[in-house]
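Listed in order, the protein sequences are those of chains A and B. For the first sequence, the working numbering begins at 1 and goes up steadily by one. For the second sequence, the working numbering begins at 164 and goes up steadily by one.
If you're looking for bench data, these hints aren't it; they were derived computationally from the structure. Each hint should be verified, as a subset may be incorrect.
Beta-carbon label-pair distances, calculated as ranges [as the list claims (entries may be wrong)]:
| no. | chain 1 | residue 1 | chain 2 | residue 2 | range |
| --- | --- | --- | --- | --- | --- |
| 1 | B | Gly413 | A | Glu150 | 57 to 63 Å |
| 2 | B | Gln165 | A | Asn123 | 37 to 43 Å |
| 3 | A | Glu112 | B | Gly413 | 42 to 48 Å |
Just so you know, these numbers come straight off a predicted model, no measurement behind them. Beta carbons: idealized from backbone N, C-alpha and C, even for Gly.
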Amino acid sequence: MKQIFVDIDKCTGCLTCTLACAAEHSSSKDIVGAMLEKVQPRISVEAVNGKAVPLMCRHCEEPTCVDACMTGAMQKDKETGIVSNENNDQSCIGCWMCIMACPYGAIQPNEEEGIAIKCDKCNGREVPACVESCHTGALLYVDGKTFTQEKLTKTAKALTEAS
Amino acid sequence: MQYVIIGNSAAGTQAAETIRKYDSAGNIVIISDEPHAAYSRCLLPDYLAGERSEKTILFKSANFYGRNNVATMFGKKAVDIDSENQKVYLGDGHTVSYDKLLIATGSSAFVPPIKGIDESGIFNLRNLDDAVGIKEAAKKARRVVVVGGGFVGLEAAYSLYSLGLEVTVVERLSQIVPGQFDVKAAAILRNDMQAEGIRIITGDGIKEIAGPSLWNRLFNKTGKGVLLDSGERLKCELVVVATGTRANVGLTDKTGIKVNRGIEINEYMETNVPNIYAAGDVAETVDVVSGELGLSPIWPNAIVQGRMAGLNMVGQTRKYSKMIGMQNSVEFRNVPAIAIGLTRTPDDCEEMVIHRPHLNYYRKLILKDDILKGMIFVGDIRRAGVYAALIKKKVPVTKFKQQLLKESFGYSSIIS
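Could you put together the complete structure from these sequences and hints?
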C-alpha cells in the first residue's frame, strides 16, 4: 500500500503542496477557485527552528481518531487503508473528539461548516495532489517497503563514500 | 465457542466486531435491555434538538449485525449470572450459556433523592427512550428546568433552548462543568451560553419539585414548581435531571466479581472470575495520569477497552495500555473546549496559563517535573491531541517547554 512519505531535508517550505491540496478539495479544482471558496488545506507546513516540516495524516494502522469518533463518521477503509470522515454511512458533527485524539495534530476544525477535516489521500486519486505538486521531491508517494529500501541504500552509499 | 456480550453500545459492539475478525465460526450473542440497534448516546442532545434522526444517531452501518454474524437479543434484560455453570439469566426467564462473557453494561443516570423527583414530567437523558420522552413533553412545555450543570445537562439545555423553550440550569456546585473543567474555563463557557439566553444558577441545590396544585390540575395544567435551597421558586412544565451516572454493576451481585465503583479488571480486561470480562463505562481501569484504579466513562476508552476485551476473549492475548481516564471535548454554542487529564493544579505541580476571557480564549497546562499532567484549551482546540500524546506517553517537555503554549506548537516541534 502506497503512503505519503516526507523527506524533510528536501522541503524548502514553498507551500505549493498546501495550495495544491486546497485546489484538489475545492469544487472548482483550481487554486483561484479554492481561494474564493476559502478551502482549508489538509496538509500543513510548520516552521520549526527555521526548518520547514510538512505534516499530514499518517492513516494509522489503529487510528485513535476512529476510536474517538462517536458518530461513526471517521472510518479506516479496509481496502484502501484511507482514514476519512467523508463519504461514509455516518456524517461528522464537529464534536472535535478526533482532534483531541490525533497525536500528530493532523486533523483541523472547519469552524464554518462545523466539521473536522483531514487528508483523504485525495480519495482514490492515483497520486495525491500534494505529492504531485511537490517539485523538490520532499513528498513521495511510494510503498512503505520501497521507501525503507531506498533509505537503506542511500545510507549505505553515504557510509561507503565517507569511508 | 459461545461468546456472550451484555451491552450493545461502544464497548459491546467493538468487542463483537473484534471477536469476529479472529473467529469466523464461534457464536456471538449481544444482549441488550434496549430494543434498538447500537446508537451513540453522545448524539442524544442532537436528536433532541432535531438535528439528527433515529437513523443518523446509529454509529454502526445498518448491516453491522448481519455482516458480522452476530445474534441479537434486544429488549431483553440480563438479570443474573451463574458464573459456576456459565449461564446468563434474562428477565423473561430464558437463559443463555457462555464460554466467554463480556459485561459491557455501561452506566445509568443517577437520580438524587429529592422530594417529588419521581413524578411525571421529570426525565433523565441517558437513553433514546428518555430523549423521545423529553421531545414529546417539550411540545407542550414552555419552560424547562435542567438539574445539573455538567455536560449532559448543558447539552440538553442547549437542545431544548434551540427548540424554543425557556431554559434554566441549576448546578449545586459553584461552577458549571465541575467534573471536566476548572473555574476559568467554566466561566467562559457559562458566558457563552448566557449570551444565548439560557439562565444558569450555580451554588444552589434543589429542595423539592412540586407538582401542579389541585386547582391547576382541575384545569388540566401540568405546571411544576422547582424549589431551590435559596428559597427561589422556578416555574416550569418540564424537568430534566442530569446529575451524573452510576456504573451498572447490579448484575454481578451473586457472581463474586470484584466491584468497587465499577467492575475491577486487570490489563487483559478480565474480572477476578474466570471467563468473565468487562469493558466500557462499567469497568475500572488504571488511569495513566493518576496511576489509580477508577471509572473512565468516555467514548474513546470504551472503544479501546471493547477491542482489547474482544482480542483477549478470542485468545489474541494483548495488554491494555493505560489510557487517560478523563478527556472531554465540547462545543455547547460557539466556543469549543477540550480538557485532558488533570484540570485543577495540585500544590506540587506547576501551571502555564494564557487567559483572555474577553476573547473566549484560555489555555492551561499542568506540569510536574516537566512532565505534562493535564491541559485545558478553550476557544482554540487545534492540535489538542499532540498534548494528549505527551501526557499519555509522559514525555519530558524540557527541550520545548517555552514553545508549549504557542499556537505554532505541534508534532513537528517535538521531533526536531
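Cross-check of the supplied hints:
| no. | hint | result |
| --- | --- | --- |
| 1 | B:Gly413 <-> A:Glu150: 57 to 63 Å | 59 Å, holds |
| 2 | B:Gln165 <-> A:Asn123: 37 to 43 Å | 41 Å, holds |
| 3 | A:Glu112 <-> B:Gly413: 42 to 48 Å | 46 Å, holds |
Every hint, counting from the list given before, is met by this structure.
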